[in-house]
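What follows is the residue order along each chain.
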Amino acid sequence: MAGPKIRDSWATRLGVIMAVAGSAVGLGNFLRFPAKAASNGGGAFMIPYLVSLLLLGLPLMWVEWTLGRYGGGFGHGTAPGIFHSVWRKSRFIKYFGVIGIFGPLVIFIYYTYIESWTLAYGLFSLTGKSTHLLDQASMQSFLRGFQGLEKNQFFNGVGTAYVFFVITFLLNIGVIYYGIKGGIEKLCRVAMPLLFIAAIILFVRVITLGTPDMARPTWNISNGFGFLWNPDFGALLSAKVWLEAAGQIFFTLSVGIGVILTYASYLPKGDDVVLSGLTATSINTAAEVILGGSIIIPAAFIFFGPVDITAIAQSGVFNLGFVTMPLVLNKLPLAHLFGFLWFFLLFLAGVTSAVSLGQPAIAFLEDEFNINRRKAVAIFGCISFILCQFPIFFLQNGVVDELDFWGGTFFLVIFATIEVILFAWVFGMDNAWGEIHKGADMVIPRIYKYIIKYITPLFLFCILGMWFWQQWLPVIGMKNVSAADRLYVLGTRLGLLAMFLVLAVMVNRAWKRKKTRA
Amino acid sequence: MKIGGWILLLLSWGMIVGLSIFCLKKVFSKKVLK
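Protein chains in written order, with the working numbering: chain A, 1 to 518; chain B, 519 to 552.
Some hints could be false.
Unchecked claim - Computed list of lysine to any residue pairs in SDA-like fashion (alpha-carbon distance at most 20 angstroms, straight line):
hint: 1; chain 1: B; residue 1: 543; chain 2: A; residue 2: 439
hint: 2; chain 1: B; residue 1: 520; chain 2: A; residue 2: 216
hint: 3; chain 1: B; residue 1: 520; chain 2: B; residue 2: 532
hint: 4; chain 1: A; residue 1: 453; chain 2: A; residue 2: 141
hint: 5; chain 1: A; residue 1: 453; chain 2: A; residue 2: 479
hint: 6; chain 1: B; residue 1: 520; chain 2: A; residue 2: 221
hint: 7; chain 1: B; residue 1: 520; chain 2: A; residue 2: 514
hint: 8; chain 1: B; residue 1: 544; chain 2: A; residue 2: 479
hint: 9; chain 1: B; residue 1: 520; chain 2: A; residue 2: 515
hint: 10; chain 1: B; residue 1: 544; chain 2: A; residue 2: 13
hint: 11; chain 1: B; residue 1: 520; chain 2: A; residue 2: 232
hint: 12; chain 1: B; residue 1: 520; chain 2: A; residue 2: 220
hint: 13; chain 1: B; residue 1: 544; chain 2: A; residue 2: 445
hint: 14; chain 1: A; residue 1: 515; chain 2: A; residue 2: 371
hint: 15; chain 1: A; residue 1: 186; chain 2: B; residue 2: 520
hint: 16; chain 1: B; residue 1: 544; chain 2: A; residue 2: 275
hint: 17; chain 1: B; residue 1: 543; chain 2: A; residue 2: 189
hint: 18; chain 1: B; residue 1: 520; chain 2: A; residue 2: 479
hint: 19; chain 1: A; residue 1: 186; chain 2: B; residue 2: 529
hint: 20; chain 1: A; residue 1: 514; chain 2: A; residue 2: 504
hint: 21; chain 1: A; residue 1: 479; chain 2: A; residue 2: 371
hint: 22; chain 1: B; residue 1: 544; chain 2: A; residue 2: 332
hint: 23; chain 1: A; residue 1: 269; chain 2: A; residue 2: 504
hint: 24; chain 1: A; residue 1: 151; chain 2: A; residue 2: 169
Please keep in mind that the hints were generated in silico from the structure rather than gathered at the bench.
Keep in mind that this is a model prediction, so the values were computed, not measured.
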């Protein structure tokens, strides 16, 4: 067998924390969270949210950091190898690990395109291309024209969006090309403080809006916060609210995807994971609850009032980010600057997440096929570029929603369940507890030994059970898909299945190759 | 905003800010800075 290859590593502890926080802080913090909170009980939503954070998010964060560091010690940076290191007797566990490469790749395919919109809109704001639009219909038309869904006075087709996509794609690949230390860590150490500065400036601007229209004295900042925070405790009786909160925790912390496993695999064996995991979690939660919750919904309330805000909160993430917020900012003095700042903030959140989504596939090629980084990035770049064309050209046919559902929602829960069972039950909770605390700078409260072993898996089984009970048949039967889009959705599903199978075959080949060499 | 909203906001923000300061203080302390 070839001697162990020297793997890339993090240069500093702060670098890895910033990278994990950067992966977690994404568009969801500033768009998805406020919309979910506003539509699921307001302030009362924070109760299931914090419960899910403590019983699901934090334990999974520690499990992923620990598994990643453990697998990295054996030269594996992705789930197939990491799972195999934990359960060597099983011939099949490595195939479950395929999800940890498949999920990030699927998300990367559509996320890069959405990330490119933020770059484009940032420049549109700065140059004044969109800052003169002051009503919902024209801003909506601007977005549809940009996406190539209609030809209008703003855009002739998808060309502009495509140029921005190519620039963004090359930027992401460029960062990944320079590796963990030289690319991702350097980016995150600059981008994360900038992101917080941009968010704080917008936060201050929003909370100092007061009552902009004296003719409507109730449309003020206090009532804007009230719309998001006034509790409706009756909502806590709804299972849907609890599921939405748990889903948001998954989504926001980037757990169950596989990227934290990969990032943690570049840590030396004796490095702390307890404090680092907790710090990354707290940075992400601060960005989400304090900054994310204080910008878009309170600002939209002030300008659109209590009647329209409910529809706005439920209008979806794209509408909130690319229609509502630019409209709000266009009504303020210095609209160019604040518009740019908003999209710059989203772009930074997007780029730090996108590079983390690309890394597992690169690590898989490097670690399991001994391919050098340059070649691995070239292979990944070519394949992902081709795959990215589908969300761009079939956006109106529900392809992005489909990719998001399977890659960014369903498989997250499945993957997290496998991880926690493997960690607590196969590896054994006593071994796992010892492994978590190797080099730890703080001790986890002992109750978490029982939470990780019993509560977290039970919570995950409940989420899965509820999902199968409520949504399995409608999803499989495409009941919510229009007849015109069914063929595209089916095509996307078959494409995803093919991708999964190709990755499984690659895992099989990699292990056979290793066996032959041994 | 109602009093219940203020209480939930202040409790949530307080917990999150407190936890973040605690973690960052530990991370930046010489004892654990690697």
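To see whether the hints hold, each was checked on the structure:
1. B:543 with A:439: This hinted pair holds, its Cα atoms lying about 18 angstroms apart.
2. B:520 with A:216: holds (19 angstroms)
3. B:520 with B:532: holds (18 angstroms)
4. A:453 with A:141: violated (51 angstroms)
5. A:453 with A:479: violated (37 angstroms)
6. B:520 with A:221: holds (13 angstroms)
7. B:520 with A:514: violated (64 angstroms)
8. B:544 with A:479: violated (51 angstroms)
9. B:520 with A:515: With Cα atoms ~66 angstroms apart, residue 520 (chain B) and residue 515 (chain A) exceed 20 angstroms; violated.
10. B:544 with A:13: holds (12 angstroms)
11. B:520 with A:232: holds (11 angstroms)
12. B:520 with A:220: holds (14 angstroms)
13. B:544 with A:445: holds (17 angstroms)
14. A:515 with A:371: With Cα atoms ~17 angstroms apart, residue 515 (chain A) and residue 371 (chain A) stay inside 20 angstroms; holds.
15. A:186 with B:520: violated (44 angstroms)
16. B:544 with A:275: Status holds; Cα separation ~8 angstroms.
17. B:543 with A:189: holds (17 angstroms)
18. B:520 with A:479: violated (41 angstroms)
19. A:186 with B:529: violated (35 angstroms)
20. A:514 with A:504: holds (16 angstroms)
21. A:479 with A:371: violated (44 angstroms)
22. B:544 with A:332: Violated, because 40 angstroms separates the two Cα atoms, which is more than 20 angstroms.
23. A:269 with A:504: The hint is violated at about 28 angstroms.
24. A:151 with A:169: Roughly 25 angstroms between the alpha carbons, so the hint for residue 151 (chain A) and residue 169 (chain A) is violated.
This entry does not satisfy hints 4, 5, 7, 8, 9, 15, 18, 19, 21, 22, 23, 24, going by the numbered hints stated previously.
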